[in-house]
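Produce the complete structure using the sequences and hints provided.
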Amino acid sequence: MTVAADFFEITPRNWRARWTISVDVMRELSRYSDPDEMYHVFAQRMSQLYPTSRQVSLTRRGLSRPQVQVTRFNLWAEQVNPFKQPDRLPVVSGGLLADLIYSDEPRVIDDLHLRPDDPAAEYLAGQRSLLAIPLFEDGVATNMVVVTREESAAFPREQVPELVWMTNLFGRAIQSQVLTQRLHEANQATDYELRAIADLQHSLLPGDVPQVPGLELAAHYKTANRAGGDYYDFFPLPGGRLGVLVADVSGHGTPAAVLMAITHSLTHAYPSAPARPGELLAYLNTHLARRYTVTTGHFVTAFYAVFDPAASAMTYANAGHAAPRASTADGRQWVSLPTSHGLPLGVMSRDAAYPEQTIPFSPGDRVAIFTDGMTDAVNRTGEPFGPDRLDAGLGDGGSAPDEVVTAITDALDRFTLGQPVQDDRTLVVVRRT
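Following the working numbering, the numbering of the sequence shown begins with 1 at its first residue and continues without gaps.
It cannot be assumed that every hint is accurate.
Within a straight-line C-alpha distance of at most 25 Å, the following computed DMTMM-like cross-link-like pairs (lysine to aspartate or glutamate) qualify [claimed, not checked]:
| hint | residue 1 | residue 2 |
| --- | --- | --- |
| 1 | Lys84 | Asp233 |
| 2 | Lys222 | Glu383 |
| 3 | Lys222 | Asp388 |
| 4 | Lys222 | Asp233 |
| 5 | Lys84 | Glu37 |
| 6 | Lys222 | Asp402 |
| 7 | Lys222 | Asp410 |
| 8 | Lys84 | Glu158 |
These are calculated hints, taken from the structure and not from any lab test.
Predicted, not measured: the structure shown is a model, and the values here were computed from it.
Below is the structure:
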């Protein structure tokens, strides 16, 4: 015959029942993540171990003495979720409940007598024994559990220490679940905002590569996070020319995405057709440094080139950006495009010059403009992809730009072997047809 478990008996005859119930409770609790559900499971199952007549939960969070909020009472017909509906819970002032929770100590009362006007009388009338267990946060009894029985001297003091630490451990577990739930909700809200930012950012990028007689183009864009700081753009210019801008904002994530959007807006606010690369970069530098970057420490590297198929020429300027790779129609080797490196955009507002260079861009010639997220991508051993592998992926002089982009991205995926993207990646390939 199994003896019913009663924690408050000091004889050891119930250890088997207590053992079984304790294991079952822990197993069942492990299946729940909602803190309110966890509490109800714990309260229901603990009643098998700790049979009491009344159970009252209190909190002083956000209150000052003598105010106390009653968060749970086992005789309420409708139980309120204190984590989601705290405004529906009663607040009482003074009396026994305030004395208990503001004492910051466990308390046992063997012969309980309450005045009729004591706020506790509503919850504890007719009870003779009381046990109050504080639940500590930062050394203060922020919460408290009060249990009672109808008979006097029902709570042996020998058992109180075990109840105190056990209840506080469960309280910390509940608090951890509350924080986890709030963090999950905050992450969901943040993720929604990041998706919105990413959608907005992608709307700033070109929808399609432009169709320009004498030129073929292809582009690849991938962010490390939902939103990133890389930026590329195309600008059709008079005379059949095309401007190609590739920029990389320092940092990652939302701050970089915001500065990317600012750079986009400034570029499209340029007062004339951006036909002079050096002048466009100087304009962007002045406006970024004047309002956005000097005080924050952010900057933007950028490379802007104007392709002129009619003249078979390319004019460009560089603001601290990685040198593009170039290949002529009669050569299989890719080399770094010779550039005069100006300061990154936004570093200083005055005396920043971006010299222009013009080189032939004959039929069959190609140029690959990229951000350092391409070459700096690492494999599992920390080895970077590097310019040599980039050149190998660029292929020979006969490959079309879309084939080059596919070859590079495939080679990069094989090299990184599923490693998370650490930096934004942008690649634009232009070929003179």
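Verification of the supplied hints:
Annotation: proposed proximity of Lys84 to Asp233 is violated, straight-line Cα distance about 47 Å (limit 25 Å). Simply put, Lys222 and Glu383 have alpha-carbon atoms about 20 Å apart, close enough for the 25 Å limit, and the pair holds. The suggested pairing of Lys222 with Asp388 holds, with an alpha-carbon distance near 21 Å, which does not exceed 25 Å. For a cut-off of 25 Å, the pair hint linking Lys222 to Asp233 stands: about 15 Å separates their Cα positions.
Proximity of Lys84 to Glu37 is assessed by CA-CA distance (about 12 Å); at most 25 Å being required, the pair is judged to hold. Our distance criterion of 25 Å between C-alpha atoms is met by Lys222 and Asp402, whose separation comes to about 16 Å. Between Lys222 and Asp410 the alpha-carbon distance is near 13 Å, which keeps this suggested pair within the 25 Å criterion. Taking the CA atoms of Lys84 and Glu158, the gap is near 37 Å; set against the 25 Å cutoff, the hint is violated.
Violated hints for the displayed structure, listed by number in ascending order: 1, 8.
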